[in-house]
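*Asks:* Chains as they are written, first to last, in the working numbering: chain A, 22 to 135; chain B, 11 to 123.
Don't read these hints as lab results, they were simulated from the structure.
Any given hint could be a false lead.
[What the hints assert, rightly or not] Listed next, the in silico DSS-like pairs over lysine-lysine satisfying Cα-Cα at most 25 Å (straight line):
1) A:Lys-36 x A:Lys-78
2) A:Lys-63 x A:Lys-36
3) A:Lys-26 x A:Lys-89
4) A:Lys-92 x A:Lys-36
5) B:Lys-37 x A:Lys-63
6) A:Lys-92 x B:Lys-54
7) B:Lys-61 x B:Lys-81
8) B:Lys-81 x A:Lys-127
9) A:Lys-63 x B:Lys-54
10) A:Lys-78 x A:Lys-92
11) A:Lys-26 x B:Lys-54
12) A:Lys-89 x B:Lys-54
13) B:Lys-54 x A:Lys-127
14) A:Lys-36 x A:Lys-89
15) B:Lys-72 x B:Lys-61
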Amino acid sequence: QQQVKQSPQSLIVQKGGISIINCAYENTAFDYFPWYQQFPGKGPALLIAIRPDVSEKKEGRFTISFNKSAKQFSLHIMDSQPGDSATYFCAASTLAGANSKLTFGKGITLSVRP
Amino acid sequence: NAGVMQNPRHLVRRRGQEARLRCSPMKGHSHVYWYRQLPEEGLKFMVYLQKENIIDESGMPKERFSAEFPKEGPSILRIQQVVRGDSAAYFCASSTQGSETQYFGPGTRLLVL
């Protein structure tokens, strides 16, 4: 049973466009939701994270929107650039994330065309 | 400040051999997590350790896999009698006490022939 599901599986966006990646979770005990970015041959790197007490968090070109009732959250990348081309994973954990294991989605591959 | 270090970066083993994967956490980090990434899959949690203690091993296969994080030295993930299905990328992450942020290493790509 996959507890965290991502969609779409892959995404192609033109430079300057908006990339939107969605994530749905099942476990209502989850209370920390990070997004990780991974380039080929590298380890995942934390991009941005949110807790369920807020509905949106923005850091630069990256925004997380969170819908607690629907158990969904999404990543928006504004003004997408070719350098954003990578694999993006949503994840979730309990205990507000503090020293808690992460449950990851399968990841989506984003390609930003020049 | 060096990040999380893993070695080797690539490891080739024949079926039945042992694989030892090492992880040195970031300086000041006392919590280590191991994850496995199969091709076209997300990362799957395996085990969470603090110095000299296994805190959560709920994702660890019951047989052939073991992990340790000694008082001195790196954390070790050990796979005995490897099989082809063990071929994957193994990532470790580290964090400080009470922190939600896990910093990942570059991973060890294990190939079992």
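*Asks:* It remains to establish, for every hint, whether it holds in the given structure.
*Replies:* Checked hints:
no., hint, in the structure
1, A:Lys-36 x A:Lys-78, "holds (23 Å)"
2, A:Lys-63 x A:Lys-36, "holds (23 Å)"
3, A:Lys-26 x A:Lys-89, "holds (15 Å)"
4, A:Lys-92 x A:Lys-36, "violated (30 Å)"
5, B:Lys-37 x A:Lys-63, "holds (20 Å)"
6, A:Lys-92 x B:Lys-54, "holds (21 Å)"
7, B:Lys-61 x B:Lys-81, "holds (6 Å)"
8, B:Lys-81 x A:Lys-127, "violated (34 Å)"
9, A:Lys-63 x B:Lys-54, "holds (16 Å)"
10, A:Lys-78 x A:Lys-92, "holds (16 Å)"
11, A:Lys-26 x B:Lys-54, "holds (13 Å)"
12, A:Lys-89 x B:Lys-54, "holds (24 Å)"
13, B:Lys-54 x A:Lys-127, "holds (9 Å)"
14, A:Lys-36 x A:Lys-89, "violated (31 Å)"
15, B:Lys-72 x B:Lys-61, "holds (22 Å)"
Hint compliance for this structure: hints 4, 8, 14 are broken, all remaining hints hold.
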